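Undergrad: Using the hints provided, position chain B relative to the given structure of chain A.
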Amino acid sequence: MITDVLMFWFLALVVLGSGLAVILFTNPVYSALSLVMAMVGVAAVFVTLGAYFIAGVQLIVYAGAVMVLFVMVLMLFDLKRETHSFAAGKISGALKLISVGLFAGLVVGGIVMSQGYFVKENEKSLGAASATQSVNTVAGSQTNLNVVNTDNTKVLGTVLFSKHVFGFEALGVLLTVIAVGTVALARSKGGTHAKH
Amino acid sequence: MQSTNFLTEVGLNHYLILSALLFVTGMTGVLLKRNIIVMLMSIELMLNAVNISFVAFSKYLNNVDGQIMVFFVMTIAAAEAAVGLAIAVTIFKRFKEINIKFFEHLRG
Numbered sequence: 001m002i003t004d005v006l007m008f009w010f011l012a013l014v015v016l017g018s019g020l021a022v023i024l025f026t027n028p029v030y031s032a033l034s035l036v037m038a039m040v041g042v043a044a045v046f047v048t049l050g051a052y053f054i055a056g057v058q059l060i061v062y063a064g065a066v067m068v069l070f071v072m073v074l075m076l077f078d079l080k081r082e083t084h085s086f087a088a089g090k091i092s093g094a095l096k097l098i099s100v101g102l103f104a105g106l107v108v109g110g111i112v113m114s115q116g117y118f119v120k121e122n123e124k125s126l127g128a129a130s131a132t133q134s135v136n137t138v139a140g141s142q143t144n145l146n147v148v149n150t151d152n153t154k155v156l157g158t159v160l161f162s163k164h165v166f167g168f169e170a171l172g173v174l175l176t177v178i179a180v181g182t183v184a185l186a187r188s189k190g191g192t193h194a195k196h
Numbered sequence: 001m002q003s004t005n006f007l008t009e010v011g012l013n014h015y016l017i018l019s020a021l022l023f024v025t026g027m028t029g030v031l032l033k034r035n036i037i038v039m040l041m042s043i044e045l046m047l048n049a050v051n052i053s054f055v056a057f058s059k060y061l062n063n064v065d066g067q068i069m070v071f072f073v074m075t076i077a078a079a080e081a082a083v084g085l086a087i088a089v090t091i092f093k094r095f096k097e098i099n100i101k102f103f104e105h106l107r108g
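From first to last, the protein sequence lines are chains A and B. First residue of the first sequence: 1, per our numbering; consecutive thereafter. First residue of the second sequence: 1, per our numbering; consecutive thereafter.
No wet-lab data here; the hints were simulated from the structure. This structure is a prediction, so every number in the text was calculated from the model and none was measured. Incorrect hints may appear among the rest.
In the DSBU-like style, the derived pairs of lysine-lysine whose C-alpha atoms are separated by at most 35 Å in a straight line are [said to hold, decoys possible]: (1) Lys90/A to Lys101/B; (2) Lys124/A to Lys101/B; (3) Lys96/B to Lys90/A; (4) Lys101/B to Lys120/A.
Chain B extracted, bound-state conformation:
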């Protein structure tokens, strides 16, 4: 009964699992990639995964607060992307390279 229901009835669990898998994909990107811009993209993926689970809970609990949280997460994500890219530009101006290994030389 479990296996047939899983394919034909979409519920909260499906959205949560989709969110978890997308989050893990982004986490893999942050851990394994060495290009700072692709790492920032992976962080955006993780934030989007969290947004999916917020909206899913908001729908299945009939509570609109989850969607407000999505607004806040989106704003923070845009701000974080702007600051991260500004830092990447600064690093690139200094080292002509944006590989993560050049961040070792950041001594104050």
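Isolated chain A (complex conformation):
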């Protein structure tokens, strides 16, 4: 129990620290390295939440694919010296920081005020559902697919390919469009500004 708590605070420190480092470093390569650290921290947070498969996917997709993309594009540009790393204008910068701080206070305040309201509501409805479920278990309805142990990859696959199969196919179409569009965009010579 105590290891869980220590783990959470350690991971929170790592994730928030490397998240801050992403925006505080002026060298973009250091920012990219901090982002890798933040992604690995987020994957570890997923492990503490029991989402093992999601954690693996997070490591492969973010720490693997997306970061390789970022670092490769960074190396493609010659960005050793970066002038004007932060937005100009002290007043507008201060306004932005103030608005961001107000937003953070609002969200955290809302979370603290809610005091686990969602979980309590869900337990109430779960109690009602299990009462009705025992009556019609023979029907094998879809409802028992939702209320399961969430650290089970098999259940994840079953729900993905039954209840959310349309979203899955739509993502396939979207990825095809993105792949073709990205290649077309990167090959175009200056777009509408093309000289020849």
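TA: Okay, now just chain B, sitting in the frame of chain A:
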């Protein structure tokens, strides 16, 4: 009672607050940085923050739908990074610079 429990008992609220703070960090990056690639990195941070709260709700509500949403968010994030970096490459080919102020000259 509130303060001792907050440190020693980790619950849904802790994960939600962590998610909110990470989201705000990414938002600060998008607002304040002028390098387009670091802005894209900050957007990735914001998407990850949302993923943390999805998975936390999924665990504490015993509902696997949240993890499916995380799949979708990850796919969209990867696609968005690819397109954003392609646009950055195009801008760099034209202006030899990827500072955000050169996006002012994007007239059709």
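Undergrad: Let me make sure I understand: some of the numbered hints might not hold for this structure. Which ones are they, in numerical order?
TA: 2, 4
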